[in-house]
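Enquirer: Listed below, chain by chain, are the residues.
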Amino acid sequence: MHGETELHRTLHLRSNKHNGGLFWACLRERFQLRSHVRLREWQKWDPVTRGDLQWEVLRDPGPSPRVPRCAPAPVVGAGRPADAAPVTAHSQPHASSVSRWSSRKVRDLWWQGIPPSVRGKVWSLAIGNELNITHELFDICLARAKERWRSFSAGGPEAESEDAGFPAADREASLELIKLDISRTFPNLCIFQQGGPYHDTLHSILGAYTCYRPDVGYVQGMSFIAAVLILNLDTADAFIAFSNLLNKPCQMAFFRVDHGLMLTYFAAFEVFFEENLPKLFAHFKKNNLTPDIYLIDWIFTLYSKSLPLDLACRVWDVFCRDGEEFLFRTALGLLKLFEDILTKMDFIHVAQFLTRLPDHLPAEELFASIATIQMQSRNRKWAQVLTALQRDSRDVERGSPSLRH
Amino acid sequence: MTYAYLFKYIIIGDTGVGKSCLLLQFTDKRFQPVHDLTIGVEFGARMVNIDGKQIKLQIWDTAGQESFRSITRSYYRGAAGALLVYDITRRETFNHLTSWLEDARQHSSSNMVIMLIGNKSDLESRRDVKREEGEAFAREHGLIFMETSAKTACNVEEAFINTAKEIYRKIQQGLFDVHNEANGIKIGPQQCISTSAGPSTAQRNSGDIESNSGCC
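Protein chains in written order, with this note's numbering: chain V, 55 to 459; chain F, 1468 to 1683.
One or more hints might be untrue.
Straight line, CA to CA, 16 Å or less: simulated EDC-like cross-link-like pairs of lysine to aspartate or glutamate [what the hints assert, rightly or not]: (1) F:K1496 - F:E1624; (2) V:K390 - V:E328; (3) V:K233 - F:D1503; (4) V:K339 - V:E329; (5) F:K1632 - F:D1518; (6) F:K1523 - V:D400.
Read the hints as simulated data drawn from the structure, not as lab findings.
These figures come from a predicted structure and were not determined experimentally.
Make the full structure from the sequences, and use the hints.
Expert: In structure tokens form, the structure reads like this:
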């Protein structure tokens, strides 16, 4: 009962929050309508299952970092044999408590799409807060970012010395770039652009992040991730989810543009590509269609730029459940969905097609296609393949440092 | 549609200078005031006619942020032409040309034709880099130079086509080995290459060429 009340309160708060913006109207139609549909689907589930997820969703989302994380075994494919492989950070669903998420029905709920009204909460919980970021820390980072914007626009950035090692020019470039990119983030939605209701929020989160992680800074693609989180969470919570999400191994590898590690991810992807779609894999090889051509955009923005937003959110749902391997599984699901036409295309047509996917993608067909992708290669799972490849590339590096870019 | 040659182009330069807008104007003849941001690489293609020969341009439009340089570097391989773009209203994009050029020279074939482009020429009132400065930079480094506007389409066509002309000229002079795809040139399917330098034996099977390619 407590859960029900909380849920209503959450729904109420969220709908109030979004009443203000004029631009929200265009979004609301898309999201709220879908939300009702999902809520109806959701209500069809038996109360026990629903209660399980709701309880997890509505529980206090602040696990203390001192409490050991993820004690129970991670969730692996329902109905698959139990996996004896060692659990690594790569394969772990990033949840503070996963025991009750592992039931078949709850897993199905994730797969069918989390109702948008509780999506933000579910994501927050699943992403966790390993970095132990508090709202106060966000306020501090934001205050520092604002100070920089002021000193930057006043033309005196050299006064600061705290971030030695990160030259003033870089920071300036970062601040300038954020400004430039915000207007280029979901331009069609018209809500992040100058004067739009979420312009300042997006600016704040990206600015605060560059103060929180000057070693990473602002990297293009981040604005899309932050924007999707803003659509589902309040500012400070969006910042917490954002920072923790970027801190995952795969996201760190990409946003730090660790080229060697990115290539390892691509190589792992190709192992599963060949296993699942041998014919298309051969066609891609023959035409020099390397995975970086399409994966970079998909992984950097977690599909939010390349898929319709509601579909991207569903990918995020399962990404939150399954971790990074789902991003690569989604890629294979997309390739499989279009396998027949892709096999007939030459290099440029495939490259253009995959870097600009059709506007209307049938959600159910895509998810059905993803479901058929097996993330097992010769009995090895994603994390095992990736770890083995990482080990190999480290050996190569040690043997011949010149091979590194 | 058949073509005599396929040229690979790469568009480089700082973020926000209008690389994707130039490409869109060239391939689709339209301008998008707020273009999506490019992450990784995007692609365009168009057929042009040089000296009565159909030439297919395969254009790689890259991300401009400094952080992505290591990724962009791998795309120079096999490019016959590069459009190096700066924004005439933002001096820092002009100041970064030297480092772009270093990258380009280091990671591409020595014959790659580079066209320097000062974009956004429609924004005369906000001009921050004089035309003469662009010209001087190009002269100093042996580049072709043009000022363009992706918005008004001014010189966009010319920028892409003049680059192709220069590549074609180099082929005719025998400077490009058209059979080595590392140079960014592919001979079109079912083409006889009697007019170009080099032996004309290669075209019997275009499939061979594809499977031999070390780049694209």
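Enquirer: State for each hint whether it applies.
Expert: Right, here's what the structure says about each hint:
1. F:K1496 - F:E1624: holds, 9 Å
2. V:K390 - V:E328: Given that 16 Å is the threshold and the Cα spacing comes to 12 Å, the pair holds.
3. V:K233 - F:D1503: The given pair, whose Cα atoms are some 14 Å apart, holds under the 16 Å limit.
4. V:K339 - V:E329: Since the Cα atoms of K339 (chain V) and E329 (chain V) sit roughly 14 Å apart, the hinted pair holds (cutoff 16 Å).
5. F:K1632 - F:D1518: holds, 9 Å
6. F:K1523 - V:D400: Answer holds: K1523 (chain F) to D400 (chain V) is near 13 Å, not above 16 Å.
Comparing the model with each numbered hint stated earlier shows that all of them hold.
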